[in-house]
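Student: Each chain is listed here by its residues.
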Amino acid sequence: MYNESSIRNQLIVSKTYNNLTQDILHPIETKSGKLWWIAFIIAIIATLLGIACIIYTIITGIGVWGLNRTINWAWDITNFVWWIGIGHAGTLISAVLLLFRQKWRLSINRSAEAMTIFAVIQAGLFPIIHMGRPWDAYWVFPIPNQLGTLWPNFNSPLLWDVFAISTYFSVSLIFWFIGLIPDFAMIRDHTKNPIKKKIYGILSFGWSGKAKHWYMFEEISLILAGLCTPLVFSVHTIVSFDFATSIIKGWHSTIFPPYFVAGAIFSGFAMVQTILGVARKVLHLESYITIKHIENMNIIIMVTGGIVTLAYISEFIMSWYSGNIFEDFTYLSSGAATGPFSWAFWVLIICNILIPQLLWFKKIRKNFLWSYVISIFINIGMWFERFNIIVLNLSHDYLPSSWTGFLPTFVDIGIFIGTIGLFFVLYLLYARTFPIIAQAELKTILKSNVSK
Amino acid sequence: MYQNNIIYGLYDDDNMLLQGINYLKKKKISIYEVYTPFPIHGLNEILSLKKNINLSKLAFIYGLIGTIIGCLITWYTMNYQQNIGGKPNLWFLNLPSYIPIIFEITIFCSANFICITYFICCKLFPCAKNTNPDPRTTDDKFMIEIRTNKTNIEELITVLKNSGAIEISVK
Numbered sequence: 201m202y203n204e205s206s207i208r209n210q211l212i213v214s215k216t217y218n219n220l221t222q223d224i225l226h227p228i229e230t231k232s233g234k235l236w237w238i239a240f241i242i243a244i245i246a247t248l249l250g251i252a253c254i255i256y257t258i259i260t261g262i263g264v265w266g267l268n269r270t271i272n273w274a275w276d277i278t279n280f281v282w283w284i285g286i287g288h289a290g291t292l293i294s295a296v297l298l299l300f301r302q303k304w305r306l307s308i309n310r311s312a313e314a315m316t317i318f319a320v321i322q323a324g325l326f327p328i329i330h331m332g333r334p335w336d337a338y339w340v341f342p343i344p345n346q347l348g349t350l351w352p353n354f355n356s357p358l359l360w361d362v363f364a365i366s367t368y369f370s371v372s373l374i375f376w377f378i379g380l381i382p383d384f385a386m387i388r389d390h391t392k393n394p395i396k397k398k399i400y401g402i403l404s405f406g407w408s409g410k411a412k413h414w415y416m417f418e419e420i421s422l423i424l425a426g427l428c429t430p431l432v433f434s435v436h437t438i439v440s441f442d443f444a445t446s447i448i449k450g451w452h453s454t455i456f457p458p459y460f461v462a463g464a465i466f467s468g469f470a471m472v473q474t475i476l477g478v479a480r481k482v483l484h485l486e487s488y489i490t491i492k493h494i495e496n497m498n499i500i501i502m503v504t505g506g507i508v509t510l511a512y513i514s515e516f517i518m519s520w521y522s523g524n525i526f527e528d529f530t531y532l533s534s535g536a537a538t539g540p541f542s543w544a545f546w547v548l549i550i551c552n553i554l555i556p557q558l559l560w561f562k563k564i565r566k567n568f569l570w571s572y573v574i575s576i577f578i579n580i581g582m583w584f585e586r587f588n589i590i591v592l593n594l595s596h597d598y599l600p601s602s603w604t605g606f607l608p609t610f611v612d613i614g615i616f617i618g619t620i621g622l623f624f625v626l627y628l629l630y631a632r633t634f635p636i637i638a639q640a641e642l643k644t645i646l647k648s649n650v651s652k
Numbered sequence: 021m022y023q024n025n026i027i028y029g030l031y032d033d034d035n036m037l038l039q040g041i042n043y044l045k046k047k048k049i050s051i052y053e054v055y056t057p058f059p060i061h062g063l064n065e066i067l068s069l070k071k072n073i074n075l076s077k078l079a080f081i082y083g084l085i086g087t088i089i090g091c092l093i094t095w096y097t098m099n100y101q102q103n104i105g106g107k108p109n110l111w112f113l114n115l116p117s118y119i120p121i122i123f124e125i126t127i128f129c130s131a132n133f134i135c136i137t138y139f140i141c142c143k144l145f146p147c148a149k150n151t152n153p154d155p156r157t158t159d160d161k162f163m164i165e166i167r168t169n170k171t172n173i174e175e176l177i178t179v180l181k182n183s184g185a186i187e188i189s190v191k
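First to last, the protein sequences are chains V and G. Add 200 to the 1-based position in the first sequence for this note's numbering, that's all there is to it. Add 20 to the 1-based position in the second sequence for this note's numbering, that's all there is to it.
Bound conformation, chain V alone:
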C-alpha cells in the first residue's frame, strides 16, 4: 500500500521537443554577445593575476602568504573547503534528486554538475600550491618509489582527502559525461558548421539513440547516482576530518562531519542560484529554469541552512557549557563574538543565519531577485564560516604567548581571485560550447503538456 502524491503542476509549459533542441543549439550556433566577451575578458584577467601570484609563490616560497607560526594554514585551506563545498550541490542535484525521482532537477543538473567539476578543479589547486613543490605532487599517491619503504601515511586524513577528492572528481566527470553523450549527438546532428560537426561527432561517441542504448543508459545513470550519493557525503565528511581528527580545541570530531556536509550543500545551492541566475537571464532560459525551480532550491537552502544553524547553536552551547577556557575562543563562542575577529564572527552570523531566514516568506522565496541577493550573502557567509573555523581557532593557541592574528597578503588574495577567474573562464566557455540543459532527459517531461 502506498499513497500517491497529488499530481504536480507542469514545470515547463508551451515548449515542444523542437523548441528545446533549438534553444540548446542557439548559444552554440550563434556568435557570443558583447556581454559574454566582457565577462570573459575580466575572468581571463583575474585568472592571469592568479597565475602570476601562484608563480610568485612557487618561486619565492610559502612565506609570501600571510601565514605565521601559529596560524599555519588559513587562507588557502579556507578556499579549498569553500570550493569543495560548492561542488557538492551539483552531485546532490544530479544523484540524490535522481534517486528521489525529483524531475525538476532536469533543467538544472547539467549546469550544476559543470559547476561541481569546475569548483573541484579550483579546490584541487590549493593543496598542490601549498605543497611548495608542486612538481612533486604525485608523491601523495601510493606509487612504488625510489625512496625505499616510504609510503604515504594511510592513517592521515590529508591522504584520505587526496583519495576522496580524486575519486570525487573522476566519478563526477564520468557521470557528467555519460549524460552529455546524447546531447552531443543532438548537436552533431543539427549543427551546420562542419568543424563543429566533427568535434561533436568525436565527443558523442557515435551515439545513435538506439532503444537498447537508452535502456542501458537509464540503468547506468541509476547505478552512478547510487554510487555518487554515498560519495558526496563521504567527501565532505573526509574534508571535515582534516580538522576534526586533530587535537586542536574547537574542532569537534563528533559534530563536524554532518555539519560540514550540510554546510557544503547549503553553500553549493547558493552558488547554483548565483550562477544560474545569470545564465538564466543571459541565455534566455526563463522558460526552463522557472520560479518553481528557484523556490525548490530555496527550500533546500532553508533545510540545510537550518541544519547548519542548529550545528552553530550546539557548538556555541558546548563551548560555553564546557567551561573550558580554551573553548572560549573557538569560532562560535562569546570570546569570538567580542574578540579581535568579532567582525568575521558577525559576518558569519548575519550572512548564514539571519539573512537566509528571509526565505521563510513565500514572497521572497518565489522572488527571483531576492533569492539571487540572498544566495550571494550565503556564498560570503559560508566562506567566512571556513575562515572562522580555521583562523579563529588557531589564532588563540594553548599558549597565550603564541597568540596572534592573521592578515592575508596580496598573494593570498590574488590566488583566490585567480581561482574565481578560472572558474568563470571555464564556466563561460562551457556555456557557449556545451548543451547547458540535459535536453534529452528534459524532453521526457515535456510531453504531457504539449497538445498535439
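Calculated from the structure, these hints are not laboratory results. Using N, Cα and C, we set each Cβ at its ideal position, and we do this for glycine too. Accuracy of the hints is not assured; some may be wrong.
[Said to hold, decoys possible] Label pairs and their in silico Cβ distance ranges:
id : chain 1 : residue 1 : chain 2 : residue 2 : range
1  : G       : Phe145    : V       : Pro458    : 37 to 47 Å
2  : V       : Thr644    : G       : Asn72     : 32 to 42 Å
3  : G       : Lys107    : V       : Pro458    : 27 to 37 Å
4  : V       : Leu569    : G       : Ser76     : 40 to 50 Å
5  : G       : Thr151    : V       : Gly261    : 56 to 66 Å
6  : G       : Lys77     : V       : Thr538    : 55 to 65 Å
7  : V       : Thr644    : G       : Ile26     : 42 to 52 Å
8  : V       : Ser356    : G       : His61     : 46 to 56 Å
9  : G       : Ser76     : V       : Ile255    : 42 to 52 Å
[Claimed, not checked] With a straight-line Cα cutoff of 25 Å, these simulated PhoX-like cross-link-like pairs (lysine-lysine) come out:
id : chain 1 : residue 1 : chain 2 : residue 2
10 : V       : Lys410    : G       : Lys107
11 : V       : Lys412    : G       : Lys149
12 : V       : Lys412    : V       : Lys392
13 : G       : Lys143    : V       : Lys398
Using the hints, position chain G against chain V.
Tutor: Same frame as chain V, now just chain G:
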C-alpha cells in the same frame, strides 16, 4: 541471411511510436531497431529487449574488487612495509583509519569500470560512426528500422502507414 531491404518508418510522437510498434507486432513484423531522441518508458518491454549484461551486479563486483585492492594496498604499505617504532601495527587494529580510503577506492573502481563496461557493451567510443539514419531522431522524431528479405515491400509500407508513420523511406 542476407537482408537486402531496409525500411524506415518515422513517427512524430512517442505514444504513436509505441502504438505503431504494437501494431507491427500484431502483424508479425520484426523490428530491427528503434531510434529515439530520449528514453521512452515501456519501450524495452514492448520490444522485449534483453540485457546481455547485468550492469548492477557487475557494478557490485567491480566495487568488491575495489574493496580488495583498498585492503591490500593499506595492508601492504602500512603493515608490511612499515615498522613504526616496533609498535603493534597490525592491519586490523588500524582498520578504522583505513576505511575512508578503502571506501573511496571501492567507489572509484565501481563507477569507472562500470562506465567502461557500458561503453564497450554499446560500442560507444570516440570517433565511432553514428548509425542513426535520420538526424531528426535526435531532435523530435522517432524511427523504426525494419530489415526484410521480401522483395515485395509494398505490403510492408502499407502496414507502416497504417501504424501511424508520417514518413516512410526504403533503402
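Student: Against the structure shown, which of the earlier numbered hints fail to hold, in ascending order?
Tutor: Violated hints (numbers, rising): 2, 7, 10, 12; every other hint is consistent with the structure.
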